[in-house]
Amino acid sequence: MLRDITLGQYYRTESVIHRLDPRVKIVGTFSFIISLFLVKNFIGYAIAGLFLVICIKLSNVPPKFIFRGMKAIFFLLLITMVFNLFLTPGEAIFSFWKFQITKEGIKLAAMMGIRLVFLITGSSLMTLTTTPNNLTDGLENLLNPLKKIRVPVHEISMMMSIALRFIPILMEETDKIMKAQMARGADFESGSLIQRAKSLIPLLVPLFISAFRRANDLAMAMEARCYRGGEGRTKMKPLIYKKRDAIGYLVIVLFVALVIVFGRILFR
Amino acid sequence: MKKMIRTDKLVFEYIRRDEEGNVEGITRAVDNVNLNVEPGQFIAILGHNGSGKSTLAKHFNALLYPTEGEVYVDGMLTEDDEHLWDVRQEAGMIFQNPDNQIIGQVVEEDVGFGPENMGVPTEEIWERVDESLKAVRMDQFRKSSPNHLSGGQKQRVSIAGVIAMHPKCIIMDEPTAMLDPNGRREVIRAARALNQVENITIILITHYMEEVVDADKVFVMDKGKVVMEGTPREIFAQVDKLKELKLGVPQVTLLAHELRKSGLPIPEPILTRKELVEALKACR
Numbered sequence: 001m002l003r004d005i006t007l008g009q010y011y012r013t014e015s016v017i018h019r020l021d022p023r024v025k026i027v028g029t030f031s032f033i034i035s036l037f038l039v040k041n042f043i044g045y046a047i048a049g050l051f052l053v054i055c056i057k058l059s060n061v062p063p064k065f066i067f068r069g070m071k072a073i074f075f076l077l078l079i080t081m082v083f084n085l086f087l088t089p090g091e092a093i094f095s096f097w098k099f100q101i102t103k104e105g106i107k108l109a110a111m112m113g114i115r116l117v118f119l120i121t122g123s124s125l126m127t128l129t130t131t132p133n134n135l136t137d138g139l140e141n142l143l144n145p146l147k148k149i150r151v152p153v154h155e156i157s158m159m160m161s162i163a164l165r166f167i168p169i170l171m172e173e174t175d176k177i178m179k180a181q182m183a184r185g186a187d188f189e190s191g192s193l194i195q196r197a198k199s200l201i202p203l204l205v206p207l208f209i210s211a212f213r214r215a216n217d218l219a220m221a222m223e224a225r226c227y228r229g230g231e232g233r234t235k236m237k238p239l240i241y242k243k244r245d246a247i248g249y250l251v252i253v254l255f256v257a258l259v260i261v262f263g264r265i266l267f268r
Numbered sequence: 001m002k003k004m005i006r007t008d009k010l011v012f013e014y015i016r017r018d019e020e021g022n023v024e025g026i027t028r029a030v031d032n033v034n035l036n037v038e039p040g041q042f043i044a045i046l047g048h049n050g051s052g053k054s055t056l057a058k059h060f061n062a063l064l065y066p067t068e069g070e071v072y073v074d075g076m077l078t079e080d081d082e083h084l085w086d087v088r089q090e091a092g093m094i095f096q097n098p099d100n101q102i103i104g105q106v107v108e109e110d111v112g113f114g115p116e117n118m119g120v121p122t123e124e125i126w127e128r129v130d131e132s133l134k135a136v137r138m139d140q141f142r143k144s145s146p147n148h149l150s151g152g153q154k155q156r157v158s159i160a161g162v163i164a165m166h167p168k169c170i171i172m173d174e175p176t177a178m179l180d181p182n183g184r185r186e187v188i189r190a191a192r193a194l195n196q197v198e199n200i201t202i203i204l205i206t207h208y209m210e211e212v213v214d215a216d217k218v219f220v221m222d223k224g225k226v227v228m229e230g231t232p233r234e235i236f237a238q239v240d241k242l243k244e245l246k247l248g249v250p251q252v253t254l255l256a257h258e259l260r261k262s263g264l265p266i267p268e269p270i271l272t273r274k275e276l277v278e279a280l281k282a283c284r
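Residue numbers (my numbering), protein chains in the order written: chain A, 1 to 268; chain B, 1 to 284.
I should point out that these hints are in silico values taken from the structure, not numbers from a laboratory.
There are no misleading hints in this set.
Selected chain B positions facing chain A (Cβ under 7 angstroms, derived; list incomplete):
| # | residue |
| --- | --- |
| 1 | Leu63 |
| 2 | Arg88 |
| 3 | Gln89 |
| 4 | Asn97 |
| 5 | Gln101 |
| 6 | Gln105 |
| 7 | Val106 |
| 8 | Gly112 |
| 9 | Glu116 |
| 10 | Asn117 |
| 11 | Thr122 |
| 12 | Ile125 |
| 13 | Asn147 |
Just so it is clear, CB atoms sit at the ideal spot from N, CA and C, and this is done for glycine as well.
In isolation and in its complexed conformation, chain B is listed as follows (with noise of 0.2 angstroms):
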């Protein structure tokens, strides 16, 4: 089967000038990344600030070009012009900033837009713009302004205008990360439900453990390398190494840990809260 996102030893720069336009030095923002993401799943990529998952991220969407190696969306490779609008369709992207990603004045505009810009029929749009508002339960904001929704509305309004574009694909540049837990946890319930429904291929970029527990895959992210890779159970198992690359791990997987560490026999890794429950009430 066809891979939905393949990296292939992925390395982008960033050259640094002065501010004459002298070149002061090279920065690796994303270094040697070789990534697989399988049709359907559910990713979360972990890493905290300038550990490079964002433009990992603006890869994946033919945003950045890789300074080596390649990046193959669905099996086109992004660097091809010929197949740069079928990525952008395919592999949609969510930005974090809900503000600065709605073009529309009016909700049902803005979601209209994107396939508009694909040249799709009058009549069609129409029938995208009310599932896709539907798909993320917006539909009764559909003719307000984007101006008086919140932050998890707007981010909401933003996902459907994707979806509209009908992708394989949506790679969420952490959409949550100026949201309150209200808002944050509309919009992970709208990815998972898009996941789960629709079959949609998710890439959630976070640095918000809670968010990556039911993930199929995490990679965790440090200084533009893949430090991690696993389930999440795999993942959260390491809490000393997460704690070395400064990621914290979720409450009730800090607290089982530290738990263990004072002698109480828990297995290794928790993650919800029912689990920690379950074991404790084992160890009486």
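Pulled out of the complex, with its shape left as it was, chain A reads as follows (with noise of 0.2 angstroms):
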């Protein structure tokens, strides 16, 4: 189960997507993101899918890898769309007890649910073809204005890349932890949810400590290796952009502006 999150692991392969800047990906990611926010209608949904399959297409990323990440979220997925059928109110077309279905509700239902599924599988196209490294350097950049008003913009993004370094080696800590504490009698799968939840303490406890542990390692071997804060370092992959970066950008311009024109100007 653990396994089964994509967000925030790199895909290795070649593709004019993972070439791209990750600064043009970044705002294009957001631009999307923002988008299918303001989209009215199922064209607009139409246009953004499409766009969506043009991009996986391009990147070389098996379609299967990227749908993985989405068990991960199914149950969140399965809530929102339930609460926005029997909730919404408006012109009944099936009812029940004290429940309705509402012809409101099932275009609610419909639009959060595929809502929800681009906003995860852009995101997690994203991070399948930027490195953390490249995607903490884009953001790094993007938020470089903040500086003067002193946000400590390269720690933060230090701090992220650190965090999604850990992200593999620390899901594997709990499987084993979960395993050793199986192996002794620990039930994490049967009881009430507040029985559950009260399970996890012997899982979660030696995670912390162990990740405390290894920050503690850590800042140790980034010391040892001359690290002192952003100030006079250098980058080895500075970001430079390319003709295809402006390319790029030309591409989410227009593909906003068409989402806009006929997801909420057109047709209403």
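Assemble the dimeric complex from its two separately framed chains, guided by the hints.
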């Protein structure tokens, strides 16, 4: 179950999307997410879906890999859709006992579902095609103006890249601790919700202790390699815009314009 | 000639505190250590757990500062703030856990981390990454994620990360403790190659006796003190004393020692299987 989360995992292959500047991909993903919230009809979603499919195709990442991340949000998706389905007031088409399904409810539930799926797919596509280092470099670069108002941009991006690097390691460790505790008779699966939450304590305590120990080791290793913050640091892979990045930005602008025109203005 | 590393009456004390933060007592982790390392040497520091060998090693890289005494790295005092980064650049450090010292998500990015911190220009970083990965024979993995490598390979990546900073000396703090025998061999082979080909001083801290056989000089530590010092041959001649310090000797040496005890005329320190075979042939 823990391995299913693909968010934050890099998929190594060669493609146009992989070679794009991370700043383009970050801006693109955010524009994509924002446009998802601006869309008011299914034509807009169809355009967004088409765009997404083309991007996935171009990225050479197997679709199977992308949708694996969906399992993790399956329940969230289900709950959202069910709530929207039953609790939206409007013209009832079907009703039993206290519940009723309305026409508006169906529309809203479908929209919510599509929106969530697209949102997760879009952002996983970004993390799958960009190395975390690149991603944080891009973010650092985009947020650079905030340094003037004393936001510790470099530190934040360093923290993010370290967190991303340790996600798989800590997951493996969680798995290991879970098995070790299960071997000693711990039960993570049965009992009421409160009991189950309680049974997580013998899992979380060792995990936290080990995470702190790792953090300590890593801090020492970084210091030993002359890490002293962002001041005076050079880049092995500096971000330089190429021609394809300009095209990327152009495509993003066109996409957003298209979605707004068709999804919001022309058809209401 | 300047000494690579010199410690002068080095003492380091940990202050133990109870839960309220009151001082419970003081532990002397390193006690009056005088040690000299010449450039280009392969040095091994032996000792069982808690003998103070790791604490000592952290002084060579200015991660810890002495309570008393002084540590010089290539003539620079480690406590001198002015030279802090020079000391850390000249004396690279490899730690025990391979997972906890790799920062990059891709092998080559991790190797570039040190030079990036030092402010090396971009093209030169790439050159350094290329040559360091070649030096530890990890160049075919340069685009891989460190999570998919074996322990020995991860440790070699860490070594490459240190080499890329062009150090004069590499301190390895039990680099093989968490590895399988194969990984252990890989790492030791890489360390030896660096010592012989690139003439980098290596300080290997370990409790595996087999790894120190080829060292130029061995220091044995116990309770924070250096209790034995000499060539591997001199050290391993004293099997009984090593046993007292809870340190095993290489199996061949032990076998030779036992054979000698039971009356076979075998010369004192036997370090390799080949030597034992020769000695036994001579007995016939």
